[in-house]
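Engineer: Use the sequences and the hints to build the structure in full.
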Amino acid sequence: MLKPWLYRLRCKKILKNCQHDFLCDYLSAQITHSKQEPTPTRLLALDLETTGLDTSCSQVISMGWVIIENNKINLASARHYLLNSSVQMNQSAVIHGITDSDIQNGFAIESIFKELIQTLKGSCLLAHNAVIEKGFLNLISQEYFSQELPLRLIDTLKREQQRFRMSGQNLASGGLRLAACRERYNLPVYRAHNALSDALACAELYLAQENY
Amino acid sequence: MPAIEVKELNGFLKQYPPCDELSESALSNFATNLKLAYYKKGTVLFHIGDTNKTLYQIRSGAVRLLDQEKNLVSKLAEGKYFGYLSVLAGTPVQLQAVCEEDCLLIECGDTHFDAFRKNHSIFEKYFTQAYGERIRLAASVHDSNPLSLETIGSKLSREPVAIDKTATIQEAARAMADNNVSALLILDMQELVGIVTDKDLRKRVVAQAMDISEPVSSIMSQKLITLDSEQSVASALVSMMQNNIHHLPVLKNSELYGVVTVNDIARYQARHPVFMVGDINKQKTLKELVAVSKRVPELFAHLVKMDAKASDVGRMMTSITDALTSRLIELAFEKFGHPKIKYAWLALGSQARNEQTAKTDQDNALVLANNASEEDRTYFLQVAEFVNLGLDACGYVLCPGDIMAGNPKWCQTLAQWQKCFSNWITVPEPKALMHVNIFFDLRCIYGDAELINELQNSVSSLASNHQVFLALMYKNSLGFQPPLGFFRKFVLEKNGEHKNTLDLKHHGLVPIIDLARIYILASGKSATHTLQRFEMLKTGANVNTGDINNLMDAFEFVSYLRIQHQGRQLQRGIKPDNHIKPSELSPLVRDQLRSAFEVVATAQKALGNQYAGI
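Chains Z and B, in that order, give the protein sequences. Just add 623 to the spot in the first sequence (first one is 1) and you have this note's numbering. Just add 439 to the spot in the second sequence (first one is 1) and you have this note's numbering.
Everything labelled a hint here was simulated from the structure, so no lab data went into it. What you are looking at is a predicted structure, and each value in this text was computed from that prediction instead of being measured. Treat the hints with care, since some could be wrong.
Said to hold, decoys possible - Below, computed lysine-lysine pairings styled on DSS-like, alpha-carbon distance capped at 30 Å:
1) Lys695/Z with Lys723/B
2) Lys695/Z with Lys557/B
3) Lys781/Z with Lys446/B
To be verified - Computed list of chain B residues with no C-beta within reach of chain Z, every gap over 10 Å:
4) Arg498
5) Glu546
6) Ala554
7) Glu598
8) Gln609
9) Glu610
10) Asn896
From the three backbone atoms N, C-alpha and C, an ideal C-beta is built for every residue, glycine too.
Structural biologist: Structural data, given as structure tokens:
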């Protein structure tokens, strides 16, 4: 995570020339919150399902998120959206179980992105292997705001990696995958594989990590 | 924004009751308002005495529940709920919850829990039943007693023998001889109208040299007490003892099914109080009565050992006190001559309520007809003194508060009694009321019950209209409270002979008895037995049947613990008392006792709100 003062500085800079009301809202909230809270009390655990890992040629096809407040996952905040996109589903459909017709009936990415930004206001973004989420959110942000979206990012994968590095233990290959991490904390096995259940799985992992 | 279903979670919830019975939409509705939290092994979720507003379900991991002494009460695994008792009762938690492993817990806040229960009866039933069960389980331990389980229907030795009411006495006697029965049922158009026994033939026909061609209906007993074939053998015994009869017609689906006799039951239960009542009635002198009554403690110990229900034991023990009292009165009449006016001998307190146990003193009074002269009064005081001393000799020690018929203050005419009660009720005085509580439980043991009915009716209609009186009764009842401290620990006696014990009677039973009395007085109805009072109150408008059931269970449970305790003392040759050491109880029973006390404390508080303004 970026140093809070550096983060605030960046937000302030963007805020100066910001022309989008809800982005302004988001930025000013981020500034005050990051100042008040040395440790985050509100996090949004996000998972995106995409057609591939490369942001330049892949698209987001679904989003799922859930909020952690005061160390409890609030299930009332859980959201899951399929997005309307132009791409043809190829073999990634096998992973996601999402078909072409699902995508045609999906939500417009703009409205969902807006909802996400509003919900994320005053919070940290939480994800497992957050570079992916960060990359795609920046891509969408560039498209609509013509600029990068400043995020306070917490990555459960990085936290796990750090933990192992500190303890001097060796990590088996694949040991940083979400399911493998969860197993170490005695968390239940999740069979379903969609954006929401992965977001929830990530949120649970975060709570477990917080306890160790 | 429609509810978003979290498939993994819904799938999990659906595996366990009561969520397995919810519809998909109800389940989603329930699930979307939950929270999830992670707790490390060893985390204490709540301490005893904490306020808890959360229902927990274990998503993964395990939780231990511990009592005050850190004894393990239960270990909960995945899928199990906990914390609902304190949420339902709104009382501080009674057990400590500790994470045995790292746990992921599903949390449901009290507002959502309450709202959801209100809208989904499956849910409501599941949790309130689990709540009631803890006490109910405890109250039903004696169900293993074969005597109370077996039905009368299974004990009948033969088909009923009956005759039409137009038959002559001789025809009836022949029918009895031919069928070798000691009781004959009398029918009118196939409808049961009476019964004739061997005793009736002796007493009413032979002894009176009656014409045997008269119709049998002229000698039959008409006030019939009947039983249903599904009732327990124990209830048949109780009925026989209370009415001192040895034959009971049994009905099945309201149709005549047979006759159960004392002998039918005796085959199963040779040593039984019903025989003692008969013995008592046969004794001719005080000395003989004292000898018979020596068997009372032994009988009590036997009943306890049989694991009889506390309410049954109470009724049986009281039947014996009643029989002894009646017999003593008869002996007094033989000694001092028979009374010239109408009168009624009253039992008060536990005897009136049919709730006596092994340790009992006597509480009684006399009501004389209004035409009693000074001479009559002197005569009755003599009789009463004889009976009081006689009961004392039989083991029913003189009342320390001097509430006995031999006290001139409590041997009065009906008019004086009415004035007395009316004073207590209309111009109540807190201190004075404390001592007369016992008079509001009264029952006629001997003499003219009419006199008492009149008194009782005027009392119940008067009492229900006097809020100040009821409020004072309530205030006085708070003198005895369930022995639970701030942290829901048992509060033990601090000094004296019974140091470090719990007084089951004064702190467990008396508060419940007081509640039942106040409620029944307020309702304007009349009943004497505590359970009977509650039963009657269930039909009332402003009481919650669930609360009443819980109070009844608590009463039966504490009573049961008390008689078990006294039974053990008798067996060890110790004088029975009401003081129990918590260390003698198993952790489970201690927990149940605590639940019972909680129920009482809650009910006391609820009644308090009703009289708060007075």
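Engineer: Is Glu598/B truly not at the interface, in the sense that its beta carbon sits beyond 10 Å from all beta carbons of chain Z?
Structural biologist: It holds; Glu598/B is separated from chain Z by about 65 Å at its closest Cβ, greater than 10 Å.
Engineer: Going by Cβ atoms, does Asn896/B stay more than 10 Å from chain Z at every point?
Structural biologist: Its Cβ never comes within 10 Å of chain Z, the nearest being 59 Å, so this holds.
Engineer: So is Glu546/B really clear of chain Z, every C-beta pair being over 10 Å apart?
Structural biologist: Violated, since 7 Å does not exceed 10 Å.
Engineer: For Lys695/Z and Lys557/B, compute the direct alpha-carbon distance and say whether it is at most 30 Å.
Structural biologist: holds (26 Å)
Engineer: For the pair we were handed, Lys695/Z and Lys723/B, check the Cα-Cα distance against 30 Å.
Structural biologist: violated (80 Å)
Engineer: Say whether it holds or is violated: Glu610/B keeps its Cβ farther than 10 Å from all Cβ of chain Z.
Structural biologist: holds (82 Å)
Engineer: Holds or violated: Lys781/Z and Lys446/B, Cα atoms, limit 30 Å.
Structural biologist: Given pair Lys781/Z, Lys446/B holds - Cα atoms ~27 Å apart, limit 30 Å.
Engineer: At 10 Å, judged by beta carbons, does Gln609/B keep clear of chain Z as stated?
Structural biologist: At roughly 86 Å from the nearest Cβ of chain Z, Gln609/B sits farther out than 10 Å, so the non-interface label holds.
Engineer: Just want to verify: Arg498/B was marked as not at the interface with chain Z; is every Cβ pair farther apart than 10 Å?
Structural biologist: At about 6 Å from chain Z, Arg498/B fails to clear the 10 Å cut-off, so the statement is violated.
Engineer: Beyond 10 Å from every chain Z Cβ: check whether that's true for Ala554/B.
Structural biologist: holds (13 Å)
Checked against the numbered hints given earlier, the structure breaks hints 1, 4, 5 and satisfies all the rest.
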